[in-house]
Amino acid sequence: MAMIEVKNVTKSFGTLTVLKNFSVDFTQEGVTVLLGPSGTGKSTLLRCINGLETIGEGDILVNGRSVKEKKNLREIRLDCGMVFQRTVLFPHLNVMRNLTMSPMKLLKTPQAEAEEKARFYLDKVGLLSKEKSMHNELSGGEQQRIAIARALMMNPKALLLDEITSALDPEMTSEVLKILENLAAEGVCMLCVTHEMQFARHVASRILFMDKGSLVADAGGEEFFSTIRKENERISKFLHFIGE
Amino acid sequence: MSFYDYAYLTSNDAMQFVKATGVTLYITLMSLFFGTVLGVLLGLVRCSKNRVVRTLPLLVIEPLRNSPLVTQLFLIYYGLPMVSRIMLDPYPAAILALSLNTAAFMGVLVHNSVSAVPDGQWEAGLALGHSRVSTFCHVIARQALRLLVPQAITLYISQLQCSSLVALISIMDLTKLGQNLALRTLRPFLVYGIVFLIYYVISSPLAALARRLEKKLAFHY
Chain A
17 MAMIEVKNVT KSFGTLTVLK NFSVDFTQEG VTVLLGPSGT GKSTLLRCIN GLETIGEGDI
77 LVNGRSVKEK KNLREIRLDC GMVFQRTVLF PHLNVMRNLT MSPMKLLKTP QAEAEEKARF
137 YLDKVGLLSK EKSMHNELSG GEQQRIAIAR ALMMNPKALL LDEITSALDP EMTSEVLKIL
197 ENLAAEGVCM LCVTHEMQFA RHVASRILFM DKGSLVADAG GEEFFSTIRK ENERISKFLH
257 FIGE
Chain B
10 MSFYDYAYLT SNDAMQFVKA TGVTLYITLM SLFFGTVLGV LLGLVRCSKN RVVRTLPLLV
70 IEPLRNSPLV TQLFLIYYGL PMVSRIMLDP YPAAILALSL NTAAFMGVLV HNSVSAVPDG
130 QWEAGLALGH SRVSTFCHVI ARQALRLLVP QAITLYISQL QCSSLVALIS IMDLTKLGQN
190 LALRTLRPFL VYGIVFLIYY VISSPLAALA RRLEKKLAFH Y
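For the protein sequence lines, the chains are A and B, in the order given. Sequential numbering from 17 applies to the first sequence in my numbering. Sequential numbering from 10 applies to the second sequence in my numbering.
Isolated chain A, as found in the complex (with noise of 0.2 Å):
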């Protein structure tokens, strides 16, 4: 059974439509990357998901609950957890408070229990020395694994990460890159937007190309970067262009 069913949605900013009658369905999971031209609405398909953005027609279950109901996007929220492009580590906590804060007063998980969590994912992203520290004393590579460790903590069923290493210089891009398919080799499902496509094609089980707020393949990775790229024009030419 799918876990997220995008059901015919059609989102719009003013006059401009990003996405159109757009439908898929995400399983809990393997690794989906979504890929295509910036402006395709890949991100607002994430934002959505997690009900960061309303959308005009159509709907997006996530374990049957609808994101078009106030009530429900808690629920969808632990369901989801997200990394945003932009690191948005809480710059008044430092990282253990960054991760703990949360579980603490959603999940009312005890302080202790807590941080014992929050060691084990900083540990697992590599940053155990780090907890006392604050935001600013962090590279963008080091904030972005806080972000991945501090989704992590809310014990999501999926990862949803939007751009999460195009504002990172190459080293850190690795840094992030080898978090996220340690994260993959264990089973943990995620959906990302990505221009990394050695990522994609070492990690990716599925993928989606989108153009123009439509769905243009959708394909297992192997035979995304065999089969689908030389049959596919749009999706040939981008691959050229991005230096596939």
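The hints are simulated quantities; they were obtained by calculation from the structure and are not laboratory data. All figures in this text were calculated on a predicted structure; none of them were measured in a lab. Positions of the beta carbon are idealized from the N, C-alpha and C atoms, including for glycine. Heads up, some of the hints might be wrong.
[To be verified] Only part of the chain A face toward chain B is listed, based on derived beta-carbon distances under 7 Å:
| # | residue |
| --- | --- |
| 1 | Asn66 |
| 2 | Leu68 |
| 3 | Gly72 |
| 4 | Arg90 |
| 5 | Arg93 |
| 6 | Leu94 |
| 7 | Val104 |
| 8 | Phe106 |
| 9 | His108 |
| 10 | Ser118 |
| 11 | Met120 |
| 12 | Lys121 |
| 13 | Leu122 |
With chain A fixed as given, assemble chain B onto it according to the hints.
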């Protein structure tokens, strides 16, 4: 100025200064308390997502911050009894006028401080599963406070000084006492010098506190 000048002021005058300082502090503290409570409410309503709701506080804020405090004071003290049965004594009138004026400016400060927190902070809180209220309480408020507190203290200092206007409706505060003593002794430099010093002694620790809090609450985005 010689020692002789001080002889114009009696020990009774010294007691009068203590009393008048008490009056100034009482009126200031009461109006800052009510003004802060009302101002925070106005500021938070200004932050509403609903366009109509967030416009409502402007009906209070705009007239109050675009007219002189002395006019507001006279309107309440002299004007209200002419158009209604409300006839306030000088103290309640002064506290009401100063409270409303403080509330208007505090409302603007609260709104500006909350608005200055980047939208990404709201989204990060919501995306973790917090409600808007919870995001505000646990994520936004602390960041807004960093901006608000030093500005609020500056407003408090300004309102303490503006409280001297209550002398115009016959309240025996520091300024009014200064006027009376200056007339009696014909030593305005001496008398207003003392009044000046008392205001300064009350205000300057607040200014120092504002600077300290600004440093203490500081963090970088």
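(message) Given a cut of 7 Å on the nearest C-beta pair, is the interface hint for A/Gly72 held or broken against chain B?
(response) Since chain B brings no Cβ nearer than about 18 Å to A/Gly72, farther than 7 Å, the hint is violated.
(request) Classify the hint on A/Asn66 as holds or violated, based on whether any CB of chain B lies nearer than 7 Å to its CB. (result) 6 Å, holds
(message) Restraint: A/Lys121 near chain B, CB-CB cut 7 Å. Satisfied or not?
(response) With Cβ-Cβ at 6 Å, under 7 Å, it holds.
(request) Have a go at the A/Phe106 hint: is there a Cβ in chain B nearer than 7 Å to its own Cβ? (result) 6 Å, holds
(message) Min Cβ distance, A/Leu68 to chain B: is it shorter than 7 Å?
(response) Hint holds; A/Leu68 Cβ to chain B Cβ min 6 Å, cut 7 Å.
(request) Hold the hint about A/Leu94 up to the distance rule: shortest CB distance to chain B must be less than 7 Å. (result) 4 Å, holds
(request) May I ask you to test the interface hint for A/His108 with respect to chain B, counting a Cβ-Cβ separation under 7 Å as satisfied? (result) The hint holds - A/His108 has a Cβ within 7 Å of chain B, the shortest such distance being about 5 Å.
(request) Grab the minimum C-beta distance from A/Ser118 to chain B and call the hint holds if it beats 7 Å, violated otherwise. (result) Hint holds; A/Ser118 Cβ to chain B Cβ min 4 Å, cut 7 Å.
(request) Go through the hint on A/Arg93 and say holds or violated, using the shortest Cβ distance to chain B against 7 Å. (result) 4 Å, holds
(request) Have a go at the A/Arg90 hint: is there a Cβ in chain B nearer than 7 Å to its own Cβ? (result) 5 Å, holds
(message) Let's test the interface hint: is any C-beta of chain B closer than 7 Å to that of A/Leu122?
(response) 5 Å, holds
(request) With a cut-off of 7 Å on the beta carbons, see whether A/Met120 makes it to chain B. (result) 10 Å, violated
In the structure shown, a violation is registered for the earlier hints numbered 3 and 11, in ascending order.
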